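*Asks:* From first to last, the protein sequence lines are chains Z and E.
Using the working numbering, the first residue of the first sequence is number 801, and each one after it goes up by one.
Using the working numbering, the first residue of the second sequence is number 2, and each one after it goes up by one.
Worth flagging that the hints you see were computed from the coordinates, not collected in a lab.
Keep in mind that this is a model prediction, so the values were computed, not measured.
Glycine included, C-beta positions come from ideal geometry on N, C-alpha and C.
Any given hint could be a false lead.
Claimed, not checked - The calculated DSSO-like cross-link candidates involving lysine-lysine, where the alpha carbons are at most 30 Å apart (straight line), are: (1) Lys97/E with Lys963/Z; (2) Lys963/Z with Lys104/E; (3) Lys813/Z with Lys1029/Z; (4) Lys97/E with Lys958/Z; (5) Lys54/E with Lys958/Z; (6) Lys54/E with Lys963/Z; (7) Lys959/Z with Lys54/E; (8) Lys959/Z with Lys104/E; (9) Lys989/Z with Lys920/Z; (10) Lys842/Z with Lys813/Z; (11) Lys104/E with Lys958/Z; (12) Lys1063/Z with Lys27/E; (13) Lys111/E with Lys923/Z; (14) Lys111/E with Lys920/Z; (15) Lys33/E with Lys1063/Z; (16) Lys959/Z with Lys52/E; (17) Lys33/E with Lys46/E; (18) Lys1063/Z with Lys1163/Z; (19) Lys803/Z with Lys1039/Z; (20) Lys97/E with Lys959/Z; (21) Lys97/E with Lys994/Z; (22) Lys958/Z with Lys52/E; (23) Lys21/E with Lys111/E.
Claimed, not checked - From the derived model, a few chain E residues whose C-beta atoms are all more than 10 Å from chain Z: (24) Ala12; (25) Glu18; (26) Lys54; (27) Glu83; (28) Asp93; (29) Phe109; (30) Asp117.
One-letter residues, chain by chain:
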Amino acid sequence: MEKIVIASASMTKFTDHYDKDIRHLASEVIASTTLPLNLSPKDIDALVIGSMASQLFTRQGNLGALIAQENYMYNASAFTVEAGEASGQAAVRAAYSLIKSGMHDYALVVGVEKVTDVLKLPKLQSIVGYVNMDSRYEVDMGLTLASMYAMMAKAHMKKFGTKREQIASVAVKNHFHGSLNPLAQYRNKLSVEKVLSSEIVASPLTLFDTCAAADGAAALLITTESKAKELTDEYVEIKASTLAHSPVRLADRENLYSIPSIKLAAEKAYEMANVTPDKIDVVEVHDSYTITEIIALEELGLFKRGEAGKATEEKQTYFNSSIPVNTSGGMKARGYPFGAAGVAQLVELYLQLLSKAGDRQVKDAELGLAQAVAGTGGTSVVHILSTV
Amino acid sequence: MSIADYWRLEAPRFRLEATKCEKCEKLYFPPKVVCPQCGNKELKKVEISGKGKLISFSRIDKPADEHTYVAPYYVGIIELEEGIRLSGSLVDLGDKEPEEGMKVEIAFRKYYPVGDEGVIYYGYKFRPLLMSLED
Chain Z
801 MEKIVIASAS
811 MTKFTDHYDK
821 DIRHLASEVI
831 ASTTLPLNLS
841 PKDIDALVIG
851 SMASQLFTRQ
861 GNLGALIAQE
871 NYMYNASAFT
881 VEAGEASGQA
891 AVRAAYSLIK
901 SGMHDYALVV
911 GVEKVTDVLK
921 LPKLQSIVGY
931 VNMDSRYEVD
941 MGLTLASMYA
951 MMAKAHMKKF
961 GTKREQIASV
971 AVKNHFHGSL
981 NPLAQYRNKL
991 SVEKVLSSEI
1001 VASPLTLFDT
1011 CAAADGAAAL
1021 LITTESKAKE
1031 LTDEYVEIKA
1041 STLAHSPVRL
1051 ADRENLYSIP
1061 SIKLAAEKAY
1071 EMANVTPDKI
1081 DVVEVHDSYT
1091 ITEIIALEEL
1101 GLFKRGEAGK
1111 ATEEKQTYFN
1121 SSIPVNTSGG
1131 MKARGYPFGA
1141 AGVAQLVELY
1151 LQLLSKAGDR
1161 QVKDAELGLA
1171 QAVAGTGGTS
1181 VVHILSTV
Chain E
2 MSIADYWRLE
12 APRFRLEATK
22 CEKCEKLYFP
32 PKVVCPQCGN
42 KELKKVEISG
52 KGKLISFSRI
62 DKPADEHTYV
72 APYYVGIIEL
82 EEGIRLSGSL
92 VDLGDKEPEE
102 GMKVEIAFRK
112 YYPVGDEGVI
122 YYGYKFRPLL
132 MSLED
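In isolation and in its complexed conformation, chain Z is listed as follows (with noise of 0.2 Å):
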């Protein structure tokens, strides 16, 4: 069976590109995959493009038919994945069958979200809310995802003890590898006490336990081994790409302090690409508040549970330690623009396992893996990279 590769990938800074139209962001992402290969936009024959809301965010539908006309890639079959937060990753997973299934020879993935038009936050929780939780029976009532999240930090802490200190230190954590990254939104560095003292969004979380509003794109062109060593040396492989499900509602899993949707995701992500947890080099995963970082982590099995607040707090998960999480800041300080981050999320592991991510570089890090999660766990998007 022939290697399904990442032949090349890009990002746009990740921040408020208030002169910038989405399609301005998605053209740009597309110019710089494709340009460095030699190959032009027209020689694309399917476009994926992962956003989660630009009807709501930009009154703007058909991403698929706009960009494709911004290119002149008229000849391409060019449509939008949408899996609320998880839409990039799952517009991800959608390129790869394309290939994979032998219909295209090469797939675009456009991940791109215009948000900061929408100027204020009670807005943005309620398209958020709106997209991503049961609208009738959990937004309607006045429950927003921030306080979702809130009660599974507060689940995480009765259960297995982890304090509230530890929880914080994942944003401390990611801004210091934004503070690294060139591309991301924030890179200053923060403390426990500043994420801590600042204002409470629903209790006990704050505003630094959550992402800020960005605009952005990100760009992978997916293809077959044989057809990237026409274009480049330089690839990675797709070794697995799943996608589970979990309760949209909270209220209805077993308990609420675990992300089941993550844990079935990842068993079938190791079990395609014929690895274990122990073997993974690098990790970006979805930290759209502090404690789905460390949910996720357990998850994913890469800590046991009850243990990842308390490994981030003990330094284990930065670049240069034993499990390197979300080197490229993460949503928290790279930039949370919702279709863009997921594939975003790639384009850090195929830095990564070239060797090409600079200052915040991993050594030797030969297999990557990145999750992505919509609300509370709806649904979880994996996939593992490896070098060639």
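Position chain E against the provided structure of chain Z, taking the given hints into account.
*Replies:* The following block gives chain E in isolation, referenced to the frame of chain Z:
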């Protein structure tokens, strides 16, 4: 949410109407039209007690658009006597903070207004259980 949506949701929101599959005895809230366990389409409508206990809670200081008028407020996950778990806002707490395990019951309240002169959406919230005569 649209007016049609609001009308469709009257039964579950106004009187906690659930559905029960009489083949496999499973109770569903929110109501379903097909039992996912056995495929039965003849589900029976049943009303549930509206009494239960608080499993977890959080105080929302930064709400979504529709609920800014009432912030800060508490939300929680409630387990009803029938074993069903659901999410909702907590009201009538007075000066007290909620506590895990606290007994609560359904209270019919305003959710949010739509537009300046639009429809006001109502539905269930939860309040501390009032003392009954047996207590």
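*Asks:* Now tell me, hint by hint, if it's right for this structure.
*Replies:* These are the hints, each one checked on the structure:
1. Lys97/E with Lys963/Z: Holds, because 25 Å separates the two Cα atoms, which is no more than 30 Å.
2. Lys963/Z with Lys104/E: holds, 28 Å
3. Lys813/Z with Lys1029/Z: Given pair lysine 813/Z, lysine 1029/Z holds - Cα atoms ~29 Å apart, limit 30 Å.
4. Lys97/E with Lys958/Z: Cα-Cα ~21 Å, so holds.
5. Lys54/E with Lys958/Z: holds, 18 Å
6. Lys54/E with Lys963/Z: holds, 26 Å
7. Lys959/Z with Lys54/E: holds, 19 Å
8. Lys959/Z with Lys104/E: holds, 22 Å
9. Lys989/Z with Lys920/Z: Since the Cα atoms of lysine 989/Z and lysine 920/Z sit roughly 25 Å apart, the hinted pair holds (cutoff 30 Å).
10. Lys842/Z with Lys813/Z: Measuring from Cα to Cα gives roughly 25 Å; hence the hint holds.
11. Lys104/E with Lys958/Z: holds, 20 Å
12. Lys1063/Z with Lys27/E: holds, 27 Å
13. Lys111/E with Lys923/Z: holds, 20 Å
14. Lys111/E with Lys920/Z: At roughly 24 Å apart (the allowed maximum being 30 Å), lysine 920/Z and lysine 111/E satisfy the hint.
15. Lys33/E with Lys1063/Z: holds, 27 Å
16. Lys959/Z with Lys52/E: holds, 26 Å
17. Lys33/E with Lys46/E: holds, 10 Å
18. Lys1063/Z with Lys1163/Z: holds, 27 Å
19. Lys803/Z with Lys1039/Z: holds, 8 Å
20. Lys97/E with Lys959/Z: Holds. Lysine 97/E to lysine 959/Z sits at ~25 Å (cutoff 30 Å).
21. Lys97/E with Lys994/Z: holds, 28 Å
22. Lys958/Z with Lys52/E: Since the Cα atoms of lysine 958/Z and lysine 52/E sit roughly 25 Å apart, the hinted pair holds (cutoff 30 Å).
23. Lys21/E with Lys111/E: Given pair lysine 21/E, lysine 111/E holds - Cα atoms ~28 Å apart, limit 30 Å.
24. Ala12: Given a closest Cβ separation of 12 Å, the condition holds.
25. Glu18: holds, 13 Å
26. Lys54: Holds: least Cβ distance 13 Å, greater than 10 Å.
27. Glu83: Answer for glutamate 83/E: holds, closest chain Z Cβ roughly 13 Å.
28. Asp93: holds, 15 Å
29. Phe109: Given a closest Cβ separation of 13 Å, the condition holds.
30. Asp117: Check passes; 17 Å lies beyond 10 Å.
Going through the hint list in order, the structure satisfies each hint without exception.
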